[in-house]
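Peer 1: Order-wise, the sequence lines are chains A and B. 173 is the number that the numbering used here gives to position 183 of the first sequence; each next residue is one higher, with no gaps. 396 is the number that the numbering used here gives to position 259 of the second sequence; each next residue is one higher, with no gaps.
For the record, the hints were derived by calculation from the structure and aren't laboratory data. Do not rely on the hints blindly, as some may be mistaken.
[As the list claims (entries may be wrong)] Under the rule of at most 30 Å between Cα atoms (straight-line distance), these lysine-lysine pairs were calculated in the DSS-like manner: (1) A:-6 - B:412; (2) A:-6 - B:327; (3) B:412 - B:324; (4) A:-6 - B:324; (5) A:92 - B:412; (6) B:412 - B:327; (7) A:92 - A:191.
[To be verified] Here are the simulated distance ranges between beta carbons: (8) A:190 - B:248: 47 to 55 Å; (9) A:272 - B:361: 32 to 40 Å; (10) A:231 - B:196: 32 to 40 Å.
[As the list claims (entries may be wrong)] Which stretches of chain A does chain B cover? Using the computed rule of at least three CB atoms under 8 Å from a CB of chain B, they are: (11) 86 to 94; (12) 97 to 104; (13) 243 to 257.
All of these numbers come straight from a predicted model, not from anything done at the bench. We put the beta carbon where it would ideally sit given N, CA and C, even for glycine.
Residue-level listing of the chains:
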Amino acid sequence: MTEKRVVFRGWLLPAAFLLPQLAITVVFFFWPAAQAVRQSLFREDAFGFGSRFVGMENFERLFASSHYLASFQVTIVFALATTALAMGTALVLAIAVDRLAKRGAAYTPLIVWPYAVAPAIAGVLWWFLFNPSVGVVAYMLHALGIGWNHLLDGNQALILVIVAAAWKQISYNFIFFLAGLQAIPRSLIEAAAIDGAGPFKRTLTIVLPLLSPTTFFLLVVNIVYAFFDTFGVIHATTSGGPGQSTTTLVYKAWADGFLGQNFGASAAQSVVLTAIVLALTVIQFRFVERRVHY
Amino acid sequence: MVENRPWLNIATHLVLILGTAIVLFPVWVAFMASTYTGVEIDQGAMPLLPGGSLIDNYRLILGEGASREGLPPVGPMLVNSLVMALCIAIGKIVISLLSAFAIVYFRFPLRNLAFWMIFITLMLPVEVRIVPTYQVIADLGMLNSYAGLTIPLIASATATFLYRQLFLTIPDELAEAARVDGAGPWKFFKDILIPLSRTNTAALFVILFIYGWNQYLWPLLVTTRPDYYTVVMGIQRLTSAAQDQPVWHLAMGTATLAMLPPVVVVLVMQRLFVKGLVETEK
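The shape of chain A in the complex, shown without the other chains (with noise of 0.2 Å):
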């Protein structure tokens, strides 16, 4: 942590200064932190007359439910595919922008305002589009031959919301790939067009080797995009169905929590997802921080 030199003295006035981040901090994320602790070690009565501590013993029931690790495969499965979609769509956008340089930029603007639109009127529009009564999509896919229902079809419904949630996201990756395609050397382009390389081979052996940080970067941003800020998608579209197949661990953790009521294995759950997005955030300081020379 770097110093300033020159400081002001006294207190009084930094801890005022501090004191509203750190009241807010401490009542809405210390404490319900700590009760998410607290209430996985212990289980609700039924009738809601108090609760009994019983140790690990949520997360042992947990790890040995077969709906709970269906929402893993589903979530793994969900994540995996919305990145891979929307990470490969927007390379393409960026590396085709960058080539036409001023020209292409007049796409950027119908490129990135996705980014505003909110998770859930993703999956809103996707699921009128997909609708198969009335949907433009679903019209289509019959048109080839295909049918598509996605209230009966897990795997549909499952694809359903991976387009959803992959289109608010191309937006995003494709403003962090044009930025980094933007700030490498043209000189190394110039040299190796010099050297007789094509565009194709330049672009694999010279951009995308020397884009790695910004795509490790966005591979742990898309994975905690898809596992966290995804609700809106499932719970607006899909509600987790049919069956269990769009139930994702953050849905999962609100519908026990919420519908079930049992707040024991919710907060067993949010312990959980908390380890999770912990661990990615290690791994994205210990490689993203080390790889990347600013």
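Position chain B against the provided structure of chain A, taking the given hints into account.
Peer 2: Frame of chain A, contents of chain B only:
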């Protein structure tokens, strides 16, 4: 461009046209749906060109129509969203400016503790600790209030760290000179630091406004009375309230309205927003 390859240029344009078409498609369809009557849409095979009910539909959505269908009115929902987005953006900026100033420019006992307490909140979204946070709000009697909607979402540290980084790049001589000239910390903060961080604050405001406007899960939990619904969560009520089929033309019109303010903010402030986003995440 290093060399001139006409066929590759054409291919690049084609890729971009196809890409932007895919990106724009869902919104185009939603907007088109909001220009037809419900009966026309239910006939199947949504047309992709505008129909004749644009003005009628939006008058219905913003007026009484949506509530006549048993749905919450959209006008007040837009106001609630605006209040929520503004409170979150301004609240975060204010507490972050203050605490970053305290951490960078002062030495006081427990400074490192305060720093780490804020730092640790960086990566945990509210979704992860949703049940206990909800219980805290309920215990404090903050359900169905603007305070309950906004204050818990202000508790994150990204903005604090952006300001901290910014303050660390400001030369020491500036604070020294201010002190020599007899300016106290408050004057230095107000007359020098805040004006110097103006562009960053503007960029941050755009990002936080969108963050606040787009909240979904939190308002869904905290608001049980329709007069506190925000528009993004209200969409879900619109699509699920009607018995079997959603009222598509009204739902899509509302979705269009819900998207409009943040999208306009992004498009108008595009340069600033992109710069701010890339900096915040680093």
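Peer 1: Now look at each hint and say whether the structure bears it out.
Peer 2: Each hint, compared with the structure:
no.: 1; hint: A:-6 - B:412; verdict: 26 Å, holds
no.: 2; hint: A:-6 - B:327; verdict: 19 Å, holds
no.: 3; hint: B:412 - B:324; verdict: 29 Å, holds
no.: 4; hint: A:-6 - B:324; verdict: 18 Å, holds
no.: 5; hint: A:92 - B:412; verdict: 18 Å, holds
no.: 6; hint: B:412 - B:327; verdict: 24 Å, holds
no.: 7; hint: A:92 - A:191; verdict: 23 Å, holds
no.: 8; hint: A:190 - B:248: 47 to 55 Å; verdict: 54 Å, holds
no.: 9; hint: A:272 - B:361: 32 to 40 Å; verdict: 38 Å, holds
no.: 10; hint: A:231 - B:196: 32 to 40 Å; verdict: 36 Å, holds
no.: 11; hint: 86 to 94; verdict: holds (count 6)
no.: 12; hint: 97 to 104; verdict: holds (count 8)
no.: 13; hint: 243 to 257; verdict: holds (count 7)
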